[in-house]
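Given chain G, work out where chain L should sit, using these hints.
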Amino acid sequence: MTSLQLLLDGFAAALTPVNLMYALIGVTLGTLVGVLPGIGPAMTVALLLPITFTVPPASAFIMFAGIYYGGMYGGSTTSILLNTPGESASMITALEGNKMARRGRAAQALATAAIGSFVAGTIATALLVVAAPAVVEVAIAFGPEDYFALAVLAFTAVSSVLSRSVVRGLASLGLGLAIGLIGIDQQTGQARLTLGIPQLLDGIDVVIVAVGLFALGEALYVASRLRHAAPEVAPVGRAWMGRADWRRSWRPWLRGTALGFPFGALPGGGAEIPTFLSYAAERRLARGVAREEYGKGAIEGVAGPEAANNASAAGTLVPLLTLGLPTSATAAILLAAFQQYGLQPGPQLFDHNPALVWAMIASLFIGNTMLLVLNLPMAPLWARVLRVPRPYLYAGIVLFAALGVYALNGSVVDLFVLYVLGLLGFAMRRFGLPVAPAVIGMILGPMAEIQLRRALAIGAGDVSVLVRSPIAAVLLVLSALALLAPLVRKLLARRGRAAAPAREE
Amino acid sequence: MRLRVLAALAALSLGALTACGSGSGTSASASLRIMAPAAPGGGWDQTSRTAEQAFKSSEPQRKVEVFNVPGAGGTIGLAQLAGEKGNGNLLMTMGLVMVGAIEQNKSKVTLAETTPIAKLTEEYELVVVPAESPFKSVADLVAAWKADPAKVSISGGSAGGTDHIVAGLMAKAAGVDPKQVNYIAHSGGGEALNELLGNKVSAGISGVAEFAEHVKSGKLRALGVTSGERVPGLDAPTLKEAGLAVELANWRGFVAPGGLSDADKKALTDAVTKMHDAQPWQDAVAKNGWIDSFQTGQEFADFLAAEQERVKGIIAEMGLVS
Numbered sequence: 001m002t003s004l005q006l007l008l009d010g011f012a013a014a015l016t017p018v019n020l021m022y023a024l025i026g027v028t029l030g031t032l033v034g035v036l037p038g039i040g041p042a043m044t045v046a047l048l049l050p051i052t053f054t055v056p057p058a059s060a061f062i063m064f065a066g067i068y069y070g071g072m073y074g075g076s077t078t079s080i081l082l083n084t085p086g087e088s089a090s091m092i093t094a095l096e097g098n099k100m101a102r103r104g105r106a107a108q109a110l111a112t113a114a115i116g117s118f119v120a121g122t123i124a125t126a127l128l129v130v131a132a133p134a135v136v137e138v139a140i141a142f143g144p145e146d147y148f149a150l151a152v153l154a155f156t157a158v159s160s161v162l163s164r165s166v167v168r169g170l171a172s173l174g175l176g177l178a179i180g181l182i183g184i185d186q187q188t189g190q191a192r193l194t195l196g197i198p199q200l201l202d203g204i205d206v207v208i209v210a211v212g213l214f215a216l217g218e219a220l221y222v223a224s225r226l227r228h229a230a231p232e233v234a235p236v237g238r239a240w241m242g243r244a245d246w247r248r249s250w251r252p253w254l255r256g257t258a259l260g261f262p263f264g265a266l267p268g269g270g271a272e273i274p275t276f277l278s279y280a281a282e283r284r285l286a287r288g289v290a291r292e293e294y295g296k297g298a299i300e301g302v303a304g305p306e307a308a309n310n311a312s313a314a315g316t317l318v319p320l321l322t323l324g325l326p327t328s329a330t331a332a333i334l335l336a337a338f339q340q341y342g343l344q345p346g347p348q349l350f351d352h353n354p355a356l357v358w359a360m361i362a363s364l365f366i367g368n369t370m371l372l373v374l375n376l377p378m379a380p381l382w383a384r385v386l387r388v389p390r391p392y393l394y395a396g397i398v399l400f401a402a403l404g405v406y407a408l409n410g411s412v413v414d415l416f417v418l419y420v421l422g423l424l425g426f427a428m429r430r431f432g433l434p435v436a437p438a439v440i441g442m443i444l445g446p447m448a449e450i451q452l453r454r455a456l457a458i459g460a461g462d463v464s465v466l467v468r469s470p471i472a473a474v475l476l477v478l479s480a481l482a483l484l485a486p487l488v489r490k491l492l493a494r495r496g497r498a499a500a501p502a503r504e505e
Numbered sequence: 506m507r508l509r510v511l512a513a514l515a516a517l518s519l520g521a522l523t524a525c526g527s528g529s530g531t532s533a534s535a536s537l538r539i540m541a542p543a544a545p546g547g548g549w550d551q552t553s554r555t556a557e558q559a560f561k562s563s564e565p566q567r568k569v570e571v572f573n574v575p576g577a578g579g580t581i582g583l584a585q586l587a588g589e590k591g592n593g594n595l596l597m598t599m600g601l602v603m604v605g606a607i608e609q610n611k612s613k614v615t616l617a618e619t620t621p622i623a624k625l626t627e628e629y630e631l632v633v634v635p636a637e638s639p640f641k642s643v644a645d646l647v648a649a650w651k652a653d654p655a656k657v658s659i660s661g662g663s664a665g666g667t668d669h670i671v672a673g674l675m676a677k678a679a680g681v682d683p684k685q686v687n688y689i690a691h692s693g694g695g696e697a698l699n700e701l702l703g704n705k706v707s708a709g710i711s712g713v714a715e716f717a718e719h720v721k722s723g724k725l726r727a728l729g730v731t732s733g734e735r736v737p738g739l740d741a742p743t744l745k746e747a748g749l750a751v752e753l754a755n756w757r758g759f760v761a762p763g764g765l766s767d768a769d770k771k772a773l774t775d776a777v778t779k780m781h782d783a784q785p786w787q788d789a790v791a792k793n794g795w796i797d798s799f800q801t802g803q804e805f806a807d808f809l810a811a812e813q814e815r816v817k818g819i820i821a822e823m824g825l826v827s
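Chains as they are written, first to last, in this note's numbering: chain G, 1 to 505; chain L, 506 to 827.
Isolated chain G (complex conformation) (with noise of 0.2 Å):
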């Protein structure tokens, strides 16, 4: 009850005009900066810390949040639309998206995308309010094995999305693995495939891998093509979800936050992790049409990941908030933002700060209202932008990639790197390697490869410390049925149809 007073006073100090004047710049800048690639909320947020010498700690909060939130939904629009993810976490938005939007279900896509984010930002919000201190016990009981059998868990998960021909799909993941390699060895400080450029030791940052195997490579296969065949243009279709929409949609919004949120709260789980598993998790659970459409177009493949990429935003406040772990880029930032005002984020700041948290939070569920207000309007207003000629789309897609890498370090030679994963992007395309598992492969590989190092470290070289946690066990024989649910149901069909025949006699 004290709890529901407190966020009715944090709603009444969010409400005023001042602050909700920052709730709007935040999310509209946010949505911006999420439809950029290479410009995420983190280093938004960033460039807009010194506002903390100027502006009062509750309003600088709305706004930042605001940037989070409106990062996690512009990402999604241009995945949708021009198979281009803006942020790392809407990454497998794209798969489906895309795919729906050159049927001519643009619109649909967009719309579940932002009510789905709508829905879990505001589940997953209640959820903090609620569930903070008890999700924060299990998040810090998670140690490195755990992350490792987490990861192991995402990659067996995600071998649905491997493509027809495994053959491929693997080869497609080994280079993914390849460039996740690139630069200095956490452990140990080396540096590792280099070649002597020192602009590689950090390592190549995902969203470059990202922005040139997908826009890049698109754009060039694109471009190749254009002279053979007049290309077909992408209908447009209804402007709004039908009713099969919302029926296909729900539920998918729900797993995916159920999935989003705690993965959030992980100070190693990322935003790309869930958005991996609720993709494959709705792949597994889908009937009947959306069964036939998954690889072509389903919504359930845009509802789910869109869903959980939001949930985890929120997820990600729980150990900021509660402990003073920044737990993603944004967050380590939005601490720093928190040290500016001399607060210490942690157990004492609920207590020692109701006022800004609780108005922190009710800017969360003001902030995504907007969102949805602004951002459902535009989904029909978006999908025009496939009527865009070709020639003249991809030369802009070519253009604000090279924009959005350049911003994020002012480097050229991230600008080479781009360029030749872009050729690297064509040629998969061209020879028929899909170009997803190689991007899951370079976010999941370093995760995999640090967390099992790290628990061998601690356990002195003692491989049983990989299963000795009851998360890790449980993880790990969630995988390993994973791996091997097909082959059994395939084993019990054939004994099944042996077995018929055994009955009739």
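Simulated from the structure, these hints should not be mistaken for laboratory data.
Computed from a predicted model, the values in this text were never measured in an experiment.
For glycine and all other residues, C-beta sits at the position ideal for the given N, C-alpha and C.
Don't take every hint at face value.
Facing chain L, a subset of chain G residues (Cβ under 10 Å, in silico) [unchecked claim]: (1) F155; (2) L200; (3) P267; (4) G288; (5) I450; (6) A455; (7) A457; (8) G459.
Sample of chain G residues with no beta-carbon within 12 Å of chain L, all distances over it, derived [what the hints assert, rightly or not]: (9) S3; (10) T16; (11) L47; (12) A131; (13) G174; (14) L177; (15) A223; (16) L254; (17) Y294; (18) G295; (19) F365; (20) A427; (21) M428; (22) L491; (23) R495.
Just chain L now, with coordinates in the frame of chain G:
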């Protein structure tokens, strides 16, 4: 195209917002640029931006601008600075971590190609253990360390960074081979904190500010601090008191490009001194819990040389340079 318009809008509004409160007037003297050789949000970035605010109050007529050149422990920024030989309007924020990174990355450019201007702040390092840990003192930790170094896992920031260097110096002082230290590196202190709170590792090393809150709330136990004297408000002995002759501060300061004229060097030193005395800087030092360790001229140059010698030695002894 709509995308293009939106992008332009984004750029504009970002620009407008960051310019908020700058109030820069026309300047008689040339504008000063401060390079933060790291991504926005980190310690060097924070120091640079705080200095920017302080400069605006100490020299309101001068335009001051911070820019980021991230990468490889600051050595990318260092290489860029070296290319600006003789430029008397450029400062680079740097610190102990850069000294280590130069060694570890075998950077072609070293601090010899810069002009030391001033040391600004120091932060001490804290050695902690989880509340459930059997180690009650540094002596307990050292005893276990001597028995089997592999069994004592120490969690901290990046490999070769300040936290790791402290671990190496402690091992050396305790008579344990620094190469045998079982150090679990993380991209930052926050990530390392998680393993400590979850009681997954034997001990942790990071900045005092990083751990202080959790020591107060009783989730972590402080064993020792790397300062010369006890830190006020922190219930922990110094490592020296606890029997390990290790004293180290994670310091930050400014260097300028090499080949500066004496007049330029003096002008920069004077400007930085005025900035240091300005109220916004003093306020920020108090708010962030930094230790004011202002030092300029030959004093800072000597300090820098000594630190380079010390870091080079311990990094080699830890086997971090191949």
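Violations among the numbered hints, reported as their numbers in ascending order: 1, 4, 11
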